[in-house]
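Protein chains in written order, with my numbering: chain A, 35 to 414; chain B, -4 to 364; chain C, 8 to 605.
Keep in mind that the hints were calculated from the coordinates and are not lab data.
Heads up, some of the hints might be wrong.
Unchecked claim - The calculated DSSO-like cross-link candidates involving lysine-lysine, where the alpha carbons are at most 27 Å apart (straight line), are:
hint, chain 1, residue 1, chain 2, residue 2
1, C, Lys436, B, Lys5
2, B, Lys13, C, Lys436
3, B, Lys15, C, Lys436
4, A, Lys90, B, Lys310
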Amino acid sequence: MNTTMHARGGAAMRLGGLVRKEFLQILRDPSSIAIAFLLPVVLLLIFGYGVSLDAKHVPIAVVVDQPGADTASFTGAFYHSRYFTPHPLPDMAAATHALMAGRVEAIVRLRSDFARQLRGNRGAPIQLIVNGVDANSARLIQGYVDGVWIGWLAQRARSAGQVLDIPVQLEQRVWFNSELRSRNYLVPGLIAVIMTLIGALLTAMVVAREWERGTMEALLVTPVAMREILLGKLIPYFLLGMGGMGLSVGMAVWLFQVPLRGSVTVLFACAALFLLAALGMGLLISIVARNQFVAGQAAIITTFLPAFILSGFVFDIGSMPQVVQWITHIVAARYFVFILQTVFLAGDLWHIILPNALALILMAAFFLGLARRRARKRLE
Amino acid sequence: MWQRIFALIKKEFLALLKDKQSRFVLIGPPIIQLMVFGYAASFDLNHVPFAVYNEDPGVAARELIADFRGSPNFREVAPITRDGQIAPTIDDRRALLVLHIGPQFTRELLRGRPASVQVILDGRNSNTALIALNYAREIIIRFNERWAAEHGLSPPPAHLTMRAWFNPDLESRWFIVPGIVGLLTLVVTMVVTALSVAREREQGTFDQLLVTPMRPVEILLGKALPGLLIGLVEATFIIVMAVLWFRIPLIGSLAALYAGIAVFLLSAIGVGLMISSIAVTQQQGLLGAFLFLVPAIILSGFATPIANMPVIVQKLTLINPMRYFMVILRGVFLEGMPFPLLVPQLWPMALIGVATLALAGWLFRHRMY
Amino acid sequence: MTAPATAPDGDGGGTDVVLAFRDVDKTFRSGNRTVPALRGASLEVRRGRVTGLIGPDGAGKTTLMRITAGLLVPDAGTVTVLGMDAARDSLAVQAALGYMPQRFGLYEDLTVQENLDLYARLQGVSDADRAPRYAELTRMTGLGAFTARLAGHLSGGMKQKLGLACTLVRPPRLLLLDEPTVGVDPVSRRELWAIVYRLVREQGMSVLLSTAYLDEAERCDDVILIHEGRVFGHGPPQRFTEPMGGRTYAVSVPEAMKKRTLQERLADAPGVVDAVIQGEHVRLVLQEGEVPEAGRLLPGLDGIAIEPVAPRFEDSFIATLHEGAGEAAPARSAAPIAAAAPGADGTVIAVHGLQRRFGDFYAVRNLSFDVHRGEVFGLLGANGAGKSTTFRMLCGLLPPSGGELRVAGVDLRTAAAEARARIGYMSQKFSLYGNLSVGENLAFFASAYGLRGRRRRERIDWALAGFELAAVRAAPSGELPLGFKQRLALACALMHEPQILFLDEPTSGVDPLARRAFWRRINTLAEAGVTVLVTTHFMEEAEYCDRLVIMAAGEILALGTPREIKARAHAAGHAEPTMEDAFIRLIEAHERAAEAAA
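Produce the entire structure from the sequences given, and follow the hints as far as they go.
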């Protein structure tokens, strides 16, 4: 029929008009550009450089009650470790004070009978006191001290021409991130947070802006269909989001030296899926909340914070309480963080990527579908 | 003068508490965030999934595996029977750690020769991997001690005795929850103060205020004191929740804690009012608050230690009031830090507070239009 | 007209009707209250005519427009647009009509051309058709020179014309314009009407246009009068004004008497429905059957001349509201407040060579005037003329870039707080704390002005009684109707009995009845010696001022009494020019001078 032919040609023209308009607005509005490009750079810099769980040069108090050759060889091991900066202190009172004041994180104490007990048959105790306030750092320090101790024992045995007489020796192999750099998993995870900001926050705000300024009302009375209005928002911000993604990946690889073991194609294909889900959420929020203030707050609470805390980006999901673990399944960022960390550090492991990508497809379909259903060419 | 300020404070509270949206901002997000952070934000690992690839039928291997199984930190997933299964198990994240015991394990041990076990870790999340490795190491150290005692071997010439002060069980929650007091107090105070002037500008009531006989300093005080009161109430609520709900020990004195809170609020209000006097719309106020909050929280030592940051970033954190408050909170809560030890943290915050408030006052007067 | 809603005569048959409402109800929910927007509305709009939808703010005009455009669905009743059901076939309806919402629906960060391109694409205008269409539209609207300018940088009048051009990019069969003349200067308003009539004449378009300006009703072919969601009357404007024949008069008295005083007395006289200042007379509307008798209206006055004048739409509107809706007559003004002490030479506000620059743009340049004690002084001008900037400088809210300015002998910006206790300020949007109740707002401003103890209680009671706010004392002020907000804002500004009162657009958006009541209060204040400085863009309100300045592009075009200013237009051949005629004439003369200089 003639009218349907006309309608189809018209749809392409209308959509083209909307997309063009959106791009012109993005180009002229510095705040969109800032959220899409400046914010990723700032966040990546803050996180890449500011956030690290790798303790290095930990200040540690060394208290030796009666110095001698044996104690010197042990404390010497601390000086040689890149994990510690030892501070020799005369007595426990001084060390305790330093620990309380936060000048040192731990105390290693060798008692006055260290040399004698070393040759006895019960072995000499080495006392280690850590400041347990920061439990995570404390555990890492314990591990490092363990390593120093074993290393010292082995070296001592070697210099005596013996083999270290420990029954079971642990041989560790770390896959994917052998230097155990926390940046290597934080930076890829951060990409999910950044894309959430662009996809959900920015989109929710720009649609809300159209309501606030009254331009949405003018759009609604033109022959344009609701799905064209939605697509007209989706396409530009999708491209903007992929641009932000490209920038973030580039910074991750070239600036932060995060290895990218998988293929770029897979990375961007999955990013596209995630972005669709995030855009769906952003559109849904803006359909429900029609002013920028409410839309902004809703987007931060329902998308940004979960992407930050419940996605496994910093905190291990497996260790969360069971109820919280269930909740993480409705956080789209969770699946994307999983894919990101895998593709960056492990490679294209299809049996991991596919189920997570499927979850992203389902979430994208759900949110976009819901946005489409809830969007009406009405003002109520 | 005080009568006018009192009227302004009363109005400020009425405006905040009568509005459904701002009431929600004061009550909703803090509770949600307290719960989410309190329960989800933890570096502790429990039930780390591990798989065993045991090629040794001997008794020693069985004992070692039993030790792993008995640990509350580990949870065993399906065993591995072939070498080729190791990689997929780690890849799929079915196990974070694979314990590989070679065929000669028991034989070597019984001969009195050192035997080795291999631990393969998924390093994608390096922090998790390191902690899991530590757990494994502790189990093996204990196994060694027992084995040596049972088989009459001489113990190693020196051994470590470890103790953690202030947090003997090394629970992350004890670290995170006191930090939340600072985090949420900052967020709420910032939102209340950063938006207060902007909202009045947007509604046009700010002009109305400026043409009354109120002096700028009175308006400033009228805006600052509600922020202080709300911050105090918010902080108290979270402290009570921390002690009663999350069972975090509060060892230090409340007086020291509240001294820290008061000085911290002073600096937070200063920053908030500074943003507020620059922002013309609530939108800008919100964006300004967000731009301050994100770096302030990340670079405060709330989740990751400042000591791990590059030196230049560490220097940068010196202007972050939250950084000092984190030390005070954890110090008073867990270490029972006495007041004199807090002084090095208090004066920089006071300095920041005075500087930002003075600047806010100046901006008030010079940006009245 | 006092008759209830009736359908117009079906002289052209059913096919001639492009829009029909049948018993339409629409209710909105706000919180847990329901607000009826339309109540049993029935009306018809006929082909090839300009139909005006007239009613005060909040009457339901925008709701009616949106239902027509298919943006809202009525709760009850049917709406037929161009033979289609507006709710069911909304997409088809939208393809056939053009709709310009309030604020014109423009993208302010796109250029004029880009806005046109967008709407051309959305309306499916093919590439080939676009160029001639653009040429026609830009010629019609005079936007040809500005196609590369951002829409946000256009003046109010040009935005309005661009909004219209975007709506007309594909000629619609029915054109809906929602308050197209709000915030637009009189010159642009005239031009818009000219365009609308050309469209109707040349293309046979049907137009439905809503407005809160009652004087625009007379420019329409048909008028639909709507108030509080009900259709009060429907028909050509003459049908509204004809019944008013013999009820409208112009009253004048000898020079010595102030017009305001005369108006005051007449408004309280028996049998009077309405009394407003118009030019050199007071215009009087009498109750039906009343005879204008000088002795009864103004006992004890001599030399009164009462002449019958032709009725106009506003008369019938006021009469309809009085009689039909049972509205009470405007109350006697609030109790007078204590007179302020006079200054040395009676000059209260002195402005000399005032300037304000934003970047390299002069918002105000070289402004000089004096205001005397007890005077009502007006600042008139279109949006962007610089009157708000001037106003804010006078209140001390904005520092001037140059020149001198004294209010009660001091510059408020640098003055001690005590000096500010002498002024009252009421801002454009009746800025009050919306979520605080009426009583809380009053209490806060009383304290802010330093009132305490018994005096504070007395003044709050005075405000509640004198401004009829006692009944809404506990209601949140943000949810009050605009008229109440305006009264509350004025009460807050008068809390401390100021000597000088600053009013920024105090009547915008308020219905004519509330406007009349408001001006009566201002009159009383001025009589008591309070100096009043007021800005407005309602030209007829200029008549209430003792003296006024007309501003354009930051400069004074004219300064003087209303009579002096109108006299300038008078010379050019108008028999009895209105203030609006004078304004347009001054602007045109100014533009010609500017062109000549360039």
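Okay, the hints, checked on the actual structure:
In summary, the hint linking Lys436(C) to Lys5(B) is supported, as the alpha carbons are separated by about 23 Å, within the 27 Å threshold. Between Lys13(B) and Lys436(C), the direct Cα distance comes to roughly 21 Å. Compliance with the 27 Å bound is thereby established for this hinted pair. Between Lys15(B) and Lys436(C) the CA atoms are separated by roughly 22 Å; this keeps the pair inside 27 Å, and the hint holds. Restraint check: the Cα-Cα separation between Lys90(A) and Lys310(B) comes to about 17 Å, which is no more than 27 Å; the hinted pair holds.
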